[in-house]
Amino acid sequence: MPQKSFRQALNEALHHEMGRDPTVIVLGEDIAGGAGASGQQDAWGGAFGVTKGLLGAFGPLRVRDTPISESAFVGAAAGAAVTGLRPVAEIMFVDFLGVCFDQIFNQAAKFRYMFGGKAVTPFVLRATYGAGTRSASQHSQALYPIFTHVPGLKVVIPSSPYDAKGLLIQAIRDNDPVIFLENKLLYDTVGEVPDGAYAIPFGEANVLREGGDATIIAFGRMVHFAQEATAILAAEGIDCTVVDPRTTSPLDEDTILETAEETGRVVIVDEANPRCGMAADISSIIAENAFGALKAPIMKVTAPHTPVPYAPNLEAAYLPDAKRIAEAVRKTMAYRK
Amino acid sequence: MTGMQLSREKLLEAYRMMRTIRVFEDRVSAEMASGDIPGNTHLYAGQEASAVGVCMNLVQSDNIASTHRGHGHCIAKGCDVHGMMAEIFGKDTGICRGKGGSMHIADLSKGMLGANGIVGGGPPLACGAAMTAQVLGRDDVAVVFSGDGAINQGTTAESMNLAQVWKLPVIFAVEDNGFGEATASSFVVAGEIVKRADALGMAFAKVDGVDFFAVHDAAAEAVARARRGEGPTLLHIETPRYYGHFSGDPDNYRTAEEKAAMRRDRDCLTTFRRRVGEAKLLAESDLDAVDAEVQAVIDSAVKAARAAPQPPLDSLTTDVYVRYP
Ligand SMILES: Cc1ncc(C[n+]2csc(CCOP(=O)(O)OP(=O)(O)O)c2C)c(N)n1
Ligand SMILES: [Mg+2]
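Protein chains in written order, with our numbering: chain A, 1 to 337; chain B, 1 to 325.
Keep in mind that the hints are not guaranteed to be accurate.
Stated by the list, open to error - If the Cβ cut is set under 10 Å, some of the chain A residues that face chain B in the computed set are:
#, residue
1, A35
2, G39
3, D65
4, A72
5, D95
6, G98
7, V99
8, T133
9, A136
10, A311
Bear in mind the hints are in silico, worked out from the structure with no lab data behind them. Note that CB positions come from ideal geometry on N, CA and C, so glycine has one too.
Can you build the whole structure from these sequences, using the hints too?
Below is the structure:
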């Protein structure tokens, strides 16, 4: 199978779906770049290069560089979705959704319910998330718990190029509003990605590794750290299962509960802040439904309850890493042997 | 007082600040390229006359709100250059203790409400600072610097209306460098920016941001109007942006010729030197001496920033709240 970057996988998904379905459009700031300028057109292809080449292939009616007016263009995407298009809006950093929450939370998310099931809102909002790029408090958050909290939204966090492509295709074909979050430090990661189109259903976790001693559940970039931790632990004779739920809403509770029943020791890794986050959410689901199988308290490895700092040493301390994950697994193993 | 009537000391101060910003930004660019500064920066080089032309009319108790391209505003409002450089290097001696970085430099004691990572974050904050002055009966004013791109943000439109109906002492200093990131403002800004103010009945002026004196005089009028309690003004300041949008920007959407012509024909420092020379206000040697002093200050700031310690790890969890629980 061909090796491709996470970025290229997403780009292919957009090319496939725009080619297949003329109602798919993309819009966002500098998703082409160079508009109205003297030099190169499609100069950026998005701040992270994900939408490169779409302008040339599909033209400016369907590939729209927007003003810096997130409320207007995200809301327009929601309005277009409910009237016959399948818009994919790009917001460079999930943090910027702060300026257009209403259009997401009160509008797109609720049309279907408020209108008695009559609305279909096939709307995708792509945004980057995550710390580790020395971009400080307003460009580094992992806000997926906030979106997960809102009924009506689906929330996707791919961890590999393969998943990125299949999940984005699913997001575009899906008839509900989808928040699609891309960790910016994964764009250059490479993996096997088929050339053709394929969709990965939402709510189906990926079990990356099976081991009988403990389970590590992680999202996005944290999946890679979880994998690293299992290598460290394997050398110590601790064999772990790694589960990547891939979507936080819907959440594959079955797979999570099955693995909790099997290993009885669970560590949940979440790069978001700890309060009301995914780690807290999943641990409550396990505590409620698989309490009898637990051999140790569920451990959470998360960022602290602070904004993301700028200084590299502080930011490194902020983020979970393989060492902290391995330490948490050792703790669950040591509990009532 | 017009810019041309400023005292010799004031003129030298204005030139020193503009030169400081230029050298600071060129140096940050060089240090970024060598990989010693974490993350990204948005450089203000080319736009110096805007920040300095406006801020020469302010006093310390006046407030400014800034943008992601904030270094120039910080320097013009009196932030410590050593503390700024250390902040950008992510050090404990930084003006925000290394927690904020380039995009969040702030010094409330100097009336600098912060650079801002959110486009359109500043206008409401400046309205707030102006409201504080209004409620407490002070004659302080607030200035919000924002870009041509930010003019399209809802917060800007809302703030302009709020300022006008409440007669807030605010100046909306719109720095039009022709671009929001890689997109030309002509592509995304409908109509004329000043007409957005006009539609609200707000005073406005359009000025050449390459000319310190033009900016200074327009800002002087706006600040005086605000201090008299006659409400806000929008200044549309046209400036060049010398570097790409951010430090890693290939800036391929502008031709090499366009960029060379911009640096050649639209330089606020050479323009300033020419104008004060023609009017016989300052001698070349005075200005050369400032250049040398500024260079020494920036060299020392970089040296100190490099040598400074990283923030202590326990500062990760401090300062989230004043008190918690
Ligand atoms: C709400 C929000 N949207 C988008 C961005 C990304 N962004 C950072 S700077 C910028 C362009 C701003 O253009 P302008 O206001 O003209 O300021 P300039 O960069 O030219 O100084 C954009 C889109 C952001 N930081 N915040
Ligand atoms: Mg601009």
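Those earlier numbered hints the structure runs against, lowest number first: none
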